[in-house]
Amino acid sequence: MKALSGLTERKPAVLLPLSRGSIRARQRGQTPLGHVNLRALLVCAWLGLCASLSPAQTLDKCRDLQGTGQARQADACYQQLLSSADPYVRAEAAWALEQYQAANESFRSACERAPKNALCRARWGRFYLDRRQWQDAGKLFAEALEIQPDHPEALLGLALVSARGYERKAVELAGKAIASDPKLVDARVLLSRLALEDGNESKAAEEARKALEVDSKALDAMAMLAAIDWLNDDHNTPWAERILKINPMYGEAFATAGHFLVLNRRYEEGVRFYRRAIELNPRLHKARVELGINLMRLGLDDEAREHLELSYSNGERYAEVVNPLRLLDSYRNFETFTGPATVLRLHRREADFLRPYFESELTRAIRTFEKKYGMRLERPVRLEVYPDHEDFAVRALGMPGLGALGVAFGNVVAMDSPSGRKPGSFHWASTLWHELSHVFVLTATGHRVPRWFTEGMAVYEETEVSPDWGDRITPDVIEAVREKKLLPVAQLDRGFVRPEYPAQVVVSYFQAGQLCGYIAEKWGYRKLLDMMHAFGKRKSTPEVIVQELALAPEELDKAFFAWLDGKLSKTVQGFGDWKNGIRKIAASAKAGQHSEVIEQGRQIRDLYPDYVEDGSVYEFLAESYLALGDKARAREQLAAYARIGGRHPEVIKRLAGLLEEAGQKAEAARALEKLNYVYPQDEDLQRRLGTLWLEQGNAEGAVRAFHSVLALKPLDRAAAHFNLASAYRAARKNEQALEQVILALEAAPGYRPAQRLLLELSQ
Amino acid sequence: MRTAILLLAAVSSLSGATCFLTVAGLGGEAEYEQRFAGWAQEMDRTLRASAGVARMETLHGPSATRARLASALEELARQCTSSDALAVTLIGHGTFDGVDYKFNLHGPDVTAAELARWLDRVPAARQLVVNTTSASGGSLQVLSRENRIVVTATKSGTEKNATIFARYWAEALRDPSADTDKNEAISALEAFRYAQQKTAQFYKSQKRLATEHALLEDTDGGAGSQTPSPEDGRGRLAAAFTLVRFGAAQAAAADPAKQKLFMKKEDLEQQIDRLKYQKAALPEAEYRKQLTALLLELAKTQAAMDP
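Heads up: the sequence lines are chains A and B, in that order.
For the first sequence, the numbering used here begins at 3 and goes up steadily by one.
For the second sequence, the numbering used here begins at 1201 and goes up steadily by one.
By construction, these hints were calculated from the structure, which means they are not laboratory data.
A hint or two may mislead.
Claimed, not checked - Pairwise CB distance ranges (calculated):
{"id": "1", "chain 1": "B", "residue 1": "VAL1299", "chain 2": "A", "residue 2": "ARG672", "range": "51 to 61 angstroms"}
{"id": "2", "chain 1": "B", "residue 1": "ALA1270", "chain 2": "A", "residue 2": "ASP579", "range": "50 to 60 angstroms"}
{"id": "3", "chain 1": "A", "residue 1": "GLN666", "chain 2": "B", "residue 2": "GLN1406", "range": "29 to 39 angstroms"}
{"id": "4", "chain 1": "B", "residue 1": "MET1256", "chain 2": "A", "residue 2": "VAL324", "range": "33 to 43 angstroms"}
{"id": "5", "chain 1": "A", "residue 1": "TYR333", "chain 2": "B", "residue 2": "ASN1347", "range": "22 to 32 angstroms"}
{"id": "6", "chain 1": "A", "residue 1": "GLN666", "chain 2": "B", "residue 2": "ALA1504", "range": "38 to 48 angstroms"}
{"id": "7", "chain 1": "B", "residue 1": "ASP1467", "chain 2": "A", "residue 2": "LYS633", "range": "49 to 59 angstroms"}
{"id": "8", "chain 1": "B", "residue 1": "LYS1404", "chain 2": "A", "residue 2": "MET377", "range": "18 to 28 angstroms"}
{"id": "9", "chain 1": "A", "residue 1": "SER362", "chain 2": "B", "residue 2": "ARG1255", "range": "48 to 58 angstroms"}
To be verified - No more than 25 angstroms apart at the CA atoms, straight line, and that leaves these computed lysine-lysine pairs for BS3-like:
{"id": "10", "chain 1": "A", "residue 1": "LYS63", "chain 2": "A", "residue 2": "LYS219"}
{"id": "11", "chain 1": "A", "residue 1": "LYS424", "chain 2": "B", "residue 2": "LYS1489"}
{"id": "12", "chain 1": "B", "residue 1": "LYS1360", "chain 2": "A", "residue 2": "LYS715"}
{"id": "13", "chain 1": "B", "residue 1": "LYS1476", "chain 2": "A", "residue 2": "LYS424"}
{"id": "14", "chain 1": "B", "residue 1": "LYS1479", "chain 2": "A", "residue 2": "LYS715"}
{"id": "15", "chain 1": "A", "residue 1": "LYS715", "chain 2": "B", "residue 2": "LYS1476"}
{"id": "16", "chain 1": "A", "residue 1": "LYS424", "chain 2": "A", "residue 2": "LYS735"}
{"id": "17", "chain 1": "A", "residue 1": "LYS735", "chain 2": "B", "residue 2": "LYS1489"}
{"id": "18", "chain 1": "A", "residue 1": "LYS715", "chain 2": "B", "residue 2": "LYS1407"}
{"id": "19", "chain 1": "A", "residue 1": "LYS424", "chain 2": "B", "residue 2": "LYS1398"}
{"id": "20", "chain 1": "A", "residue 1": "LYS715", "chain 2": "B", "residue 2": "LYS1404"}
{"id": "21", "chain 1": "A", "residue 1": "LYS581", "chain 2": "A", "residue 2": "LYS486"}
{"id": "22", "chain 1": "B", "residue 1": "LYS1360", "chain 2": "A", "residue 2": "LYS424"}
{"id": "23", "chain 1": "A", "residue 1": "LYS655", "chain 2": "B", "residue 2": "LYS1404"}
Stated by the list, open to error - Stretch-level coverage of chain A by chain B, calculated; a stretch enters the list once three of its residues show a Cβ under 8 angstroms from a Cβ in chain B:
{"id": "24", "stretch": "260-270"}
{"id": "25", "stretch": "595-606"}
{"id": "26", "stretch": "717-725"}
Glycine included, C-beta positions come from ideal geometry on N, C-alpha and C.
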């Protein structure tokens, strides 16, 4: 996944499957309202399940039936509780029977009758979590904690809300819940889950075992231990048998494993586990939703739709289901182009325009990586390009709000279209290469590779294509380096999964990329490939470092940080001066004091040369040089801006204009051509580029640029057809030239240059 | 149809010139003040360099007052004749309170109703009012009348954000690509379409919700259209209202020595227009064959007319 600098990406929202079966040993036989209902007792007796049980005890009995896979009996049991006088019991029963509206109303009624009962609110909150209404759930947990500040179920509920956003405080809240109730099994299971999400298997296993010490039949805890085994390719885990012995329908165990496999980018295996989960229990709707979302990730849209629609019709009507279904509907507006090694999906409104750019770049990247990685992909790469960023986000996560630019799911890549971002803010080709690198690394390792390594390789590969590609060093990165916030390599994955500060994801991308660059510089590129293959053999990061670099991870950290310090020390130490300086420059520029701008700009520009965002020193200097009539120096500044990686279209076009004025037309064309990788959907850019290429004798380049103008549906169609005709004429393709000139004259019969070309072509 | 409109433009342009008045109103902030004045000055430069300008006045900065606007239109009422055309462009901020539209000027503002009264006194038979301000859609109904084209940057008085339509209107007057029919002149309709498309592209590329949607009204009392097309009766006047000329086409039409060729050219253009209307009914190859023959003949005729 390629993240947008400055934004933190969010991960798929997956919560603990709600463990209705382990609601609680310690509160058995109690309801928040605490009274006995005669009718329920009668029902219970009629069922022969109990001799003299309270409704709450009956509820426990129903849960026991459910927890042991006796679904029909459990349903019958819950069904009888629907007529309980205790609204809390009714709520729990309705929830279990998937009567969500009734459950919600009964919870409301129960909590109104017991306004000081924290458990009622905590359980109602859990119900909202199940319905994916995170904010409402959070409010109910907070209300419960107002009633009882250490209420363990409420603390756990808040921990679950935090866990959804991969927030660090989830661990803290779960810890508090356990402190309040050391026997709260669900909290232990959550800690186990959080640890495994961080890649800490031993901690995850330890927490799961602690849960089993409290409740030896805690299926969720066993599921965690099974998931750890499955992640390690141990398919003979004893935990699966133990789980199914207790509850033959306990598909949740497989759904849990599916979650972790997906989190480790092992999508196909994840799908297999989700399939198994719903095979065991077709009513595991959350698992079915995840199956649908992950089938979409693998490009299996028809099957994904079936599962998502079934989930929807079974009451799963929240955004994670509705958004992907809407996106699937919108695919009728997309076109798919299939090649020998590629499948390209583009939105109909920009398909004509983008297709040549994306097809050629995709093919170039595949060929390059096949050579570099020494392997061939067995399946075509499927690339999907979304002009609406929120569609891309839904495609990636099922939800809008993703800060990433592209994402790779095995051999399927989804990314923003250049039209989905502000011009100059997105280098689509760099993102494409980044994601393609993931495709190769994931394939080479069988998806068994730590996050830091695959991201590091992807970042490294971007700048290998061209030094001005990829991301520049951001102020966040400088701050992190200065404050020594970079993580040891053995813990670097944590920076991606559960960031401790907002910029940590971006900083981790930078660090991983630099680390791969350091390894390539010191040991050679081949060493990175050796490491990749070692990861594919299930070695851990420390093991791979020791094996391939003959260093302890700590030694690598020490050497790498020293190398990085040497590289960045000027920027890190000078950052304060640069920040002060840029403010002064802006003030001088505003006052029209161009000499001062030039003097101040020269002093600070190279303290932070990577800064090429809006208001860069390069732009200030160029403006001031131009104001003083020194076009040559202005040109030099803008050329440096472009060389470093500046990519704002207007600035680059200005550079091209200055180069043209100076007679450097080939350089001007090359400068403009870089914008094809940034924001090609610019009519003016394509027209200028086509004209320059035509003047340079690059007829093929001119044909491509003028074709692009036409694909942008320009207002001036006559000129666009005429220019393309001229380019074809230069390329000695007179038939196509004639066709285009006729189209030009059809639009504007009196168009003199086109008339002259027609006469020329007709001779 | 296009040829007929072109001929109408040629006839009208031969019979009179155009009086231009451009006003950049109160910016409120230095940035807007500078921006509005810049667009007005750019238009001024372009129009002065064009042929057929009878009178040109541009007001901006402190001179852009209600009194100066009134006196400028009074002066035009004295100088312009009925055979002339009048083009008034308003740049800046406007307001609409649900009843009255006001153009913001230094000192007292001017309402759309006052402006309409002043414009009615100008004898120029063909008039164009381009109101590029925020909320300018609120002025459309009041300014509309027979033989007057009204362009507004917004579709109603409730689109209140500062607009950028004027930037692209000014650009249309100097960008040859706005001349989509390649007759070496830019009509009000071509300028409208150019500015409208560029404005839409601006919002799209900046990932901003479009807060202005331009309208053109030239049917006397119509509601204004975002997609005027002479073929369906809207934009006919605008297509015939020439703003800028930059070629020798008009001179050729007036040269008696070339009258025969000119008539042949007209005939060919009309044949091409007729053929284009039959396009859907003809086999593609047949259409292409006939079109190529006519275009080739037209090109030869034009070559014979060219010096």
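Now the hints, each set against the structure:
no.: 1; hint: VAL1299/B / ARG672/A: 51 to 61 angstroms; in the structure: holds, 58 angstroms
no.: 2; hint: ALA1270/B / ASP579/A: 50 to 60 angstroms; in the structure: holds, 57 angstroms
no.: 3; hint: GLN666/A / GLN1406/B: 29 to 39 angstroms; in the structure: holds, 31 angstroms
no.: 4; hint: MET1256/B / VAL324/A: 33 to 43 angstroms; in the structure: violated, 59 angstroms
no.: 5; hint: TYR333/A / ASN1347/B: 22 to 32 angstroms; in the structure: violated, 51 angstroms
no.: 6; hint: GLN666/A / ALA1504/B: 38 to 48 angstroms; in the structure: holds, 41 angstroms
no.: 7; hint: ASP1467/B / LYS633/A: 49 to 59 angstroms; in the structure: holds, 52 angstroms
no.: 8; hint: LYS1404/B / MET377/A: 18 to 28 angstroms; in the structure: violated, 41 angstroms
no.: 9; hint: SER362/A / ARG1255/B: 48 to 58 angstroms; in the structure: holds, 55 angstroms
no.: 10; hint: LYS63/A / LYS219/A; in the structure: holds, 15 angstroms
no.: 11; hint: LYS424/A / LYS1489/B; in the structure: violated, 45 angstroms
no.: 12; hint: LYS1360/B / LYS715/A; in the structure: violated, 30 angstroms
no.: 13; hint: LYS1476/B / LYS424/A; in the structure: violated, 40 angstroms
no.: 14; hint: LYS1479/B / LYS715/A; in the structure: holds, 21 angstroms
no.: 15; hint: LYS715/A / LYS1476/B; in the structure: holds, 20 angstroms
no.: 16; hint: LYS424/A / LYS735/A; in the structure: violated, 37 angstroms
no.: 17; hint: LYS735/A / LYS1489/B; in the structure: holds, 20 angstroms
no.: 18; hint: LYS715/A / LYS1407/B; in the structure: holds, 20 angstroms
no.: 19; hint: LYS424/A / LYS1398/B; in the structure: holds, 16 angstroms
no.: 20; hint: LYS715/A / LYS1404/B; in the structure: holds, 15 angstroms
no.: 21; hint: LYS581/A / LYS486/A; in the structure: holds, 20 angstroms
no.: 22; hint: LYS1360/B / LYS424/A; in the structure: holds, 24 angstroms
no.: 23; hint: LYS655/A / LYS1404/B; in the structure: holds, 19 angstroms
no.: 24; hint: 260-270; in the structure: violated (count 0)
no.: 25; hint: 595-606; in the structure: violated (count 0)
no.: 26; hint: 717-725; in the structure: holds (count 5)
Consistency note: the structure conflicts with the earlier hints numbered 4, 5, 8, 11, 12, 13, 16, 24 and 25.
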